[in-house]
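Generate the whole structure from the sequences, applying the supplied hints.
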Amino acid sequence: MRIGLFATCLGDTLFPEAVKSTAVLLARLGHDVVFPPGQTCCGQMHVNTGYQREPVPLVRNFAEQFGDASIEAVVMPSGSCAGSVRHQHEIVAERYGDAALRAGVATVKAKTYELSELLVDVLGVTDVGAYFPHRVTYHPTCHSLRMLRVGDKPLRLLRAVAGIDLVELPEADACCGFGGTFAVKNAETSTAMLQDKMRNVTATEAQVCTAGDSSCLMHIGGGLSRIRSGTRTLHLAQILGSTRTAPYALTEAAR
Amino acid sequence: MSTFLGMPAAPPRSPYGTGNLRGERSFPQAAHDGLRNGQLRGNLGRATRTIRAKRIAVTGELPDWEALRDAGAAIKTDTMNRLPELLEELERKVTERGGTVHWARDGVEANEIVTRLVKATGSGDVIKVKSMATQEIGLNEHLEAAGITPYETDLAELIVQLAHDKPSHILVPAIHRNRDEIRRIFLDGIPGVDPDLDNVPAHLAAAARAYLREKFMTTKVAVSGANFGVAETGTLAVVESEGNGRMCLTLPDTLITVMGIEKVLPRYQDLEVFLQLLPRSSTGERMNPYTSMWTGVTPGDGPQDFHLVLLDNGRTAALADEIGRAALNCIRCSACLNVCPVYERTGGHAYGSTYPGPIGAVLTPQLAGMHAAEDDPNSSLPYASSLCGACFDACPVKIDIPSMLVELRHQDTEQAGTSAEKLAMRAAATVMGKPKLYRAAQRAASLSRSVGVGGRDRTISRLPAPFDGWSDSRDTAAPPRQSFRSWLASAEGAATMRAAAEEGARRTTDDQDDEQEEQ
Chain A
300 MRIGLFATCL GDTLFPEAVK STAVLLARLG HDVVFPPGQT CCGQMHVNTG
350 YQREPVPLVR NFAEQFGDAS IEAVVMPSGS CAGSVRHQHE IVAERYGDAA
400 LRAGVATVKA KTYELSELLV DVLGVTDVGA YFPHRVTYHP TCHSLRMLRV
450 GDKPLRLLRA VAGIDLVELP EADACCGFGG TFAVKNAETS TAMLQDKMRN
500 VTATEAQVCT AGDSSCLMHI GGGLSRIRSG TRTLHLAQIL GSTRTAPYAL
550 TEAAR
Chain B
33 MSTFLGMPAA PPRSPYGTGN LRGERSFPQA AHDGLRNGQL RGNLGRATRT
83 IRAKRIAVTG ELPDWEALRD AGAAIKTDTM NRLPELLEEL ERKVTERGGT
133 VHWARDGVEA NEIVTRLVKA TGSGDVIKVK SMATQEIGLN EHLEAAGITP
183 YETDLAELIV QLAHDKPSHI LVPAIHRNRD EIRRIFLDGI PGVDPDLDNV
233 PAHLAAAARA YLREKFMTTK VAVSGANFGV AETGTLAVVE SEGNGRMCLT
283 LPDTLITVMG IEKVLPRYQD LEVFLQLLPR SSTGERMNPY TSMWTGVTPG
333 DGPQDFHLVL LDNGRTAALA DEIGRAALNC IRCSACLNVC PVYERTGGHA
383 YGSTYPGPIG AVLTPQLAGM HAAEDDPNSS LPYASSLCGA CFDACPVKID
433 IPSMLVELRH QDTEQAGTSA EKLAMRAAAT VMGKPKLYRA AQRAASLSRS
483 VGVGGRDRTI SRLPAPFDGW SDSRDTAAPP RQSFRSWLAS AEGAATMRAA
533 AEEGARRTTD DQDDEQEEQ
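In order, the protein sequences belong to chains A and B.
Whatever position you read off the first sequence (first residue = 1), add 299 for this note's numbering.
Whatever position you read off the second sequence (first residue = 1), add 32 for this note's numbering.
Please note: incorrect hints may appear among the correct ones.
As the list claims (entries may be wrong) - With a straight-line cut-off of 25 Å between C-alpha atoms, the simulated DSS-like cross-links for lysine-lysine are:
no.	chain 1	residue 1	chain 2	residue 2
1	B	Lys466	B	Lys454
2	A	Lys408	B	Lys430
3	B	Lys151	B	Lys252
4	A	Lys410	B	Lys86
5	A	Lys484	B	Lys454
6	B	Lys151	A	Lys408
7	B	Lys430	B	Lys86
8	B	Lys454	B	Lys468
Claimed, not checked - Over 10 Å on every C-beta distance to chain A, these chain B residues come out as not near it, computed from the model:
no.	residue
9	Lys86
10	Ala89
11	Leu303
Stated by the list, open to error - Label-pair ranges, simulated between beta-carbon atoms:
no.	chain 1	residue 1	chain 2	residue 2	range
12	A	Pro546	B	Phe499	33 to 39 Å
13	A	Ser369	B	Met319	55 to 61 Å
14	A	Thr425	B	Ala238	56 to 62 Å
Simulated from the structure, these hints should not be mistaken for lab results.
These numbers were taken from a predicted model, which means no experiment stands behind them.
Glycine is no exception: its CB is placed at the ideal position from the N, C-alpha and C atoms.
Okay, structure coming up:
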């Protein structure tokens, strides 16, 4: 399958390892990964903060970059960006776009997937041949869980990983408190939510807390780093991309 | 002869509501107190966790729960679409059955109507059964100013009233109080209470009961709220847990019910849906202990003088707005409060309004407006959410609160004019809308590593305003030296992708071979 990879602005700039793992994983599964070079950002931060006029060029750019009919599916290692493309681009296009933009948005919306959705629903694979011999706990991010309804797809992928010791996260469904600009505008409340999430993560005694969104991991990982917890965060794609021949070196990368 | 066509102007808009629909401080400022109060956070956390588990258990046991939610949403949507005709039908039926209907445009009018009705009875006291509408308009304060003493009879409301406090929750107004605090409040507030009163819940309840019984037996006027008003029959309904409400509704000579106009339901049969949805969503019970219904007056039985005050107070303004109309579907079950991670940690007072939590953050600005330019505390409410979506999943009538919050934020930024934030958002959109500019900015971020940002451990521990709240509790990883796209374009990236593709090709060939062998 010819798959368009959307790196997301956060992944491209700050968390390239998660995107690398996504690209390598899909290529290893026999798919043709294309990276439209003009891609930038989905505009989620704008819409969620209350701005719908401003991200029109971003929505247009996304539709142009991935509109090509030769791209059969668009994937991104982020539930919240996939949620933005699927649910928010339409709102922006309906309100401030023209007919061409609305048509372009509808085209890309129909073929956009978050990583676990693409693997399980579209490519029909749960065992990606990964090897990750570490104790791991999984945080289901809110937008994956409630906007995309990915359900247990990420967990099914993780359970199939060789060597993994997967432990359940208490109160897993609770929001970590990131919420984009919420963490800045309501920093104290966000911190209170983060503290409870960290307490639950450390209670699992996992070496790694994983999730499908770099933004939530940036928040949880930033907190865990501050309290020197010893648990580190790693994107789901990095665990799925770790193999026996090229295992992810946890100790070297640990902060 | 000439025809005057008039000047184009904005169409007339219904006025916003008045009363307890606006706090004095913005949400982040008001939330600060709750967040710093360990006792409050403990009380709230315990209470919401318990009620969440109960709700999941009792909604999970109904095979048609999702169908019930759909039915509830459909009935409420239909109600809002023809609210005027349903209200007129309700008025007709109540009048036919011997009641009197009053229409109040806002809180001021409603307070005047109720005060006038109470004064006409000659009574200096009223007993009250829990009512959000009268909290909203500040009826108790108004009655007191007119020399009439209101007695709250719902136990939690009584605690709040005796403590000169405000409710913190729609359904459990004293959720933020524990039994030690309640003991202290009773010792200070109930005349003649046993000075040796301890903190055992049964003893606290007994003290309240002794106090309230005397009020029930001696007070001739009651003020109630209503959970539902049925247009078809003119029937009003109140659901409660303690039976104190039923005392108010049956013992006095005069009953005055204050009901928000959105509480009307078209048909008696619609109660079937809501009497299943409401208790399961709110208290996690299959059925609430007391459901009281009354239709006008019945000679020789119950209050002989019944008044229904229909309260607008910003509801027509909300009805004219797409989001506001959907927000009016709310049946005040408080399920959204109990699942909201923000409410759980800040408590209801942070929202400033009678309506706290996720639905309050939507409803309050709809009822009372949010004047962004005037630094209105209400304009901070749509941002008091991480948009986690738990409220939407819990809502028995499927109100899409997260989408409505995003829409209200949009209204707020449009209203606010040019701000520093808007300029930053515009600048970010300009950079990210042009791939060339975007790559330049990205290179600058990667370069920051080379000039020492993040130090040796690759983390940044302090950021400047407005990001200092973030860096107070979180480290930030410094940008890596290489972005994904520059890795992909590098020799290393190309080689890695080529190797992966070769492995993929081998795997695909192997799979095909396997399939052929199987065939």
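Going down the list of hints, with the structure as the test:
no.: 1; hint: Lys466/B - Lys454/B; verdict: holds (18 Å)
no.: 2; hint: Lys408/A - Lys430/B; verdict: holds (24 Å)
no.: 3; hint: Lys151/B - Lys252/B; verdict: holds (12 Å)
no.: 4; hint: Lys410/A - Lys86/B; verdict: violated (39 Å)
no.: 5; hint: Lys484/A - Lys454/B; verdict: holds (14 Å)
no.: 6; hint: Lys151/B - Lys408/A; verdict: violated (63 Å)
no.: 7; hint: Lys430/B - Lys86/B; verdict: holds (19 Å)
no.: 8; hint: Lys454/B - Lys468/B; verdict: holds (22 Å)
no.: 9; hint: Lys86; verdict: holds (16 Å)
no.: 10; hint: Ala89; verdict: holds (16 Å)
no.: 11; hint: Leu303; verdict: holds (30 Å)
no.: 12; hint: Pro546/A - Phe499/B: 33 to 39 Å; verdict: holds (36 Å)
no.: 13; hint: Ser369/A - Met319/B: 55 to 61 Å; verdict: holds (59 Å)
no.: 14; hint: Thr425/A - Ala238/B: 56 to 62 Å; verdict: holds (59 Å)
The structure does not agree with the numbered hints 4, 6 stated previously, though it agrees with the rest.
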